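J.: Spelled out, the chains give:
Protein chains: 2
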Amino acid sequence: MVSDKTHILYLLCRPTEPIFIPKGRYRVTFDVDHKDFLAPQHQDVRKKVMERIESEVEQVSVPLKKIEWPDLSEVMEVGRHQPFSIFLPSHRRAAERLLDIFMGAASYEDFLSCAAYARDRVNPTLFVYTLSVAVIHRSDTKGIDLPPLTNIFPDKFIDGDQLARAKEIADVLAVTEGPRRFPVLIPRDYTSNGLDDEHRLAYFREDIGVNLHHWHWHLIYPFAGKMEIVNKDRRGELFYYMHQQIIARYNCERFCNHLGRVVRLLELRKEISEGYFPKLYCSIASKTWASRSANSKISDVRREEMGFVFDIEDLERWKTRIVEAIHWKRVIDKDGSSVALTENEGIDILGNLIEASPLLSKNYDIYGDLHNFGHVTISLCHDPDGRYKEGMGVMGETSTAMRDPVFYRWHAYIDYIFQLHKDTLKPYTLEELKYEGIHVEEIRVQTDAPVRENILKTFMETTTTDLQGGLDFIGYTPLKAQTIRLQHVPFSYTIKVGNNLNKICKGTMRIFLSPKFDEKGEKMLFLDQKRLFIELDKFSVTLTNDPLGNKISRQSRDSNVTRKLGRNFSLLECSLAWPCSENEEDAFCGCGWPQNMLIPKGTPEGSPYQLFVMVSDAEIDLVQPRDRPWDRSSYCGVRDSKYPDSRAMGYPFDRPPSSEVKYLEDFVRLAPNMAVQDVTIIFEDGPPKSHKLDD
Amino acid sequence: MVSDKTHILYLLCRPTEPIFIPKGRYRVTFDVDHKDFLAPQHQDVRKKVMERIESEVEQVSVPLKKIEWPDLSEVMEVGRHQPFSIFLPSHRRAAERLLDIFMGAASYEDFLSCAAYARDRVNPTLFVYTLSVAVIHRSDTKGIDLPPLTNIFPDKFIDGDQLARAKEIADVLAVTEGPRRFPVLIPRDYTSNGLDDEHRLAYFREDIGVNLHHWHWHLIYPFAGKMEIVNKDRRGELFYYMHQQIIARYNCERFCNHLGRVVRLLELRKEISEGYFPKLYCSIASKTWASRSANSKISDVRREEMGFVFDIEDLERWKTRIVEAIHWKRVIDKDGSSVALTENEGIDILGNLIEASPLLSKNYDIYGDLHNFGHVTISLCHDPDGRYKEGMGVMGETSTAMRDPVFYRWHAYIDYIFQLHKDTLKPYTLEELKYEGIHVEEIRVQTDAPVRENILKTFMETTTTDLQGGLDFIGYTPLKAQTIRLQHVPFSYTIKVGNNLNKICKGTMRIFLSPKFDEKGEKMLFLDQKRLFIELDKFSVTLTNDPLGNKISRQSRDSNVTRKLGRNFSLLECSLAWPCSENEEDAFCGCGWPQNMLIPKGTPEGSPYQLFVMVSDAEIDLVQPRDRPWDRSSYCGVRDSKYPDSRAMGYPFDRPPSSEVKYLEDFVRLAPNMAVQDVTIIFEDGPPKSHKLDD
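For the record, the sequence lines run as chains A and B.
Each residue of the first sequence is one higher than the last, beginning at 8 in the numbering used here.
Each residue of the second sequence is one higher than the last, beginning at 8 in the numbering used here.
By construction, these hints were calculated from the structure, which means they are not laboratory data.
These numbers come from a predicted model, not from an experiment.
Check the hints yourself; a few may be wrong.
Chain copies aren't distinguished; within one or between two, either way the pair holds.
Unchecked claim - Here are the simulated DSS-like cross-link-like pairs (lysine-lysine), alpha carbons at most 25 Å apart as the crow flies: (1) K558 / K503; (2) K396 / K174; (3) K304 / K277; (4) K487 / K396; (5) K513 / K304; (6) K433 / K513; (7) K233 / K523.
So that you can see chain A by itself, here it is in the shape it has in the complex (with noise of 0.2 Å):
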């Protein structure tokens, strides 16, 4: 359904184009007229502009209500031409300010205006994340989809040099008709080789899906704003769970590039070996985004101008006393009083307090913003003073902190936090784990090549994003560029679950994979792989009273961690509304793993991975209303209600195993109501394969 109130998405189109000029494929125009809206920059130039527009095109007139224009002084304090960063304190203030307008206009035509009017004057990065949050979190905005970040700034995820060329050749060739020059090919090892260990993981650190769902689980859980917005179900929890997710999912991949997990970054002040150079233009900075050396150090930060004055020492200061709070069971909050850090809400507490997020904190000035200020010193390390009037380097920015292999030491060292207070629970007792007349008989995998059963392919495959969106001055010819990815071939689960029961019943089934053997080739045991186990699926099932087994299937493609891939009905739309080519998969941008990283590489020759599956009953698991669908819901939660999953996030491997658990089979054999298999996952080198959508 084309709504009016799509209109409000063009605002984020071409973000550094004046809003007079025409937008999109529908050229699209704002009314402009009344006084004082333009941007003082471009007051006196709007009519000569105009008319050199071309007039035959189609024009689409979106009228803007006359309201009170609103103070963005204190929003208009980031500057225009700065990299914007939510990581920085007074970033965040003047993006709270904001939000806090887009949140109280009255209705969705004085939200429309207000944004229109802030769309010139406000730093670029900091309006687009603000309206995306805004869109999102409003009420009369719900179920608006937003384009992807790719088509708004696609200097975020794509090398800077093919992108300056494309430009070039939009520029002198834009005459030649039609898309016979592009896509503009992205080649895969841009930013490193094979001397760099580090840059195996390229395809997974540079995966624009990757980066796109990391900017997009952000916007979602904002930990700055209005209590209303900030103050989700069980966000702290998420917080832990998606990023140990992530860490999980990188050492799998890690494993399956002959490497060893990710070094935490405990000891601050030593040397970080791996340097990066992320290629990435910042248009609205007009540079490319800073580089780190290998062996480059952090500092103690001064940079005044961006109010960012700092020392290692309290980061360690706010280690100290948030490891010490975990050993004590308990935090001090404002008052003074003891907190307790109990078995269900510990972990979301910490999660508030280690990310931080200062609303949520039980006490932000003693435990302080552990996490995010670590994202800002790191990305300032190659000048800390600003004596070289450096900006940031990838890692001070959502959409691309992912690229860098130090976000993975740096999130490893986070998790290790969360897992010394994992560590203080209790083993799930036997009751917590059995799903007591249930149990799983069999687990078969397949895929839809013809290959053994319980074998799971992987590939490199090209695909294509939408430039268009985001190259701002240039014509609106079409322009993408063609990116590699990793892929896998689709599969699906059969899975026999007995059940004894004598009544039909509800279970939650839940996949997790994980490597059979470490880094030094021998079992894991479970203490160590029950860190690595990496969430591939959670979904109700109806189980009928069939002690011989229910035979339940389940495609990859259904996964409830990833977001859908294939031309679905938003995308439709997206086609109308917006100047993006229909059958771009990524044409919507959403919260989600993306599809095409479900699974972890593995080799050439098969790495042994084990599918591990639990069914545990709805009864206990399911949360008010219990007929929500699951979708994306284990990583992103789910939209103005709770937490669908009642158990801890992670369950069953979230907490030490008893004592008489070694390996994940002794694990398994405490309930029938989980089951594990041996799978293969092998990797098909070559070139990579063109795309095709799977639906």
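Using the hints provided, position chain B relative to the given structure of chain A.
T.: Just chain B, lined up with the frame of chain A:
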């Protein structure tokens, strides 16, 4: 005189725009209809692009002679989008090959066709470099002035951020007539701030004229190519002297900024404390020039793709051998024979050996390529083995190297080696210093400003640089950058010289300037001070037989070391032939130190300097033919001719003093044809003044 031959200069205009797009104000087009003329990437798009070109503007069509197209395969081994460095042996060889083709063309018409054919096929920087060298050295293009490199590649001189902003403005706002929104202001302090001590010298290092000088010097004195181009009179010595003077000038500026002399980069394996973040965008590579973080180290280099594989040990070995040669006062040539490092020719041999010129080095295999390889090694310290696929830093190119503080540390090291040789020479005898019968009686310096005698005044001023020729793919709207630079109030010398010879005779007036006190605030020893003397002027004088004194007047703007200011004849020609504005003072490039940098900055409270004047005997000094003007010869030599001064470059300060000389005054006392005058340089602080052409 607008010669047809200036048409070849249009090949330098907008080097990445295809040749068939009309160039410049006169819309010059080249007749490219020959079969196979166009580069493959342009063959099928030309027609369509041409349809788009507005036909209302006047077009000058330049015919191209049909020739046998040259074989460019070796030249094309340097990729189109790679930063080109003459310091790299593989790039040097490609440039040599192209230069051979250009120099070998039988006529101007053949040369033009060759160049037009090569233009869109070879690396654009390599093309501009090689075509420039060829235009300077071919007899049929003698006298054609080159447009300044700022006009061809403004990105090598102007903050990338501002340049991008300028292009953006040109893009959207091209329709606003006239230069109302221009010039683009380039902030004074865009690469660093006062927290960085080295920042105080940014006005020197990043001065456009200083960098143009360095670029142009290396065009005139290529170290590679055919003998007739490379083997110029005393080129090795001039390499030493021009760079020695840069270091002396830099040290004077450092004193003015309360910094000590630049520290030689003696210990090659130590951290380089000076970081540099050039913030220049390299348009042909579509990326910014690489930065160097503070405290980086150089490493052994393994850049196979550049043909540059090489160890620090090699540099150390070469230095050891060179110092060995200096101390034994001989080098060993390719045949194993000793070649003495004599008083007069030794320095020239060493210059070619150390730079090194593979052609002129007495033994390239043994003494290596110390200076050039040092440049490359430093420029690659952030990515010595190419694992991060990064290009060079600014040290890799002659037009950008002087921006980086490490340039001076490296050249202080190179200069120190030359000084080791100079230290082995005997002091000048009285015979060599004296001009019997001639005595300097009085020196006075007067500025145009109303201040006391012997006071020089400096200030900051704004100046504009035309960017148009280099802004590929943008309409020919006037687009200028306004930069801020050091300037001084023009001044004149009045020197009274007595002649007791009872005849009219000729002399050579040599004027040098040096600080009186060192960085400790102590009066300098002659041994130190002699290395800090900067040459201000050198000119011939005729001395009548007046024992009471000839009064000799001389204007600072006529200095023999500087490039002339102002609107001269060739500048008017430029305004006809090249798309630049006619009152650009740097509208033509040429060798010579920039006039605005003639004297050091001084300090607001006044820096005590000493002006040294010497009149030497023209009978000894002048080299046949004796009637040549001295114009710019001190740092640049004379085209197609011998260096006009027979004395050692830097005379009389290039040798150790005799034992009785402790201070400058002791030295001056040796011979009455030398004299010294204290002067004070006052820097007038305040907002930059706007520049007026001074004639």
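J.: It remains to establish, for every hint, whether it holds in the given structure.
T.: Here is what the structure says about each hint:
no.	hint	verdict
1	K558 / K503	within (5 Å within a copy, 112 Å between copies)
2	K396 / K174	between (27 Å within a copy, 22 Å between copies)
3	K304 / K277	both (6 Å within a copy, 17 Å between copies)
4	K487 / K396	between (33 Å within a copy, 24 Å between copies)
5	K513 / K304	neither (54 Å within a copy, 64 Å between copies)
6	K433 / K513	neither (27 Å within a copy, 103 Å between copies)
7	K233 / K523	neither (45 Å within a copy, 66 Å between copies)
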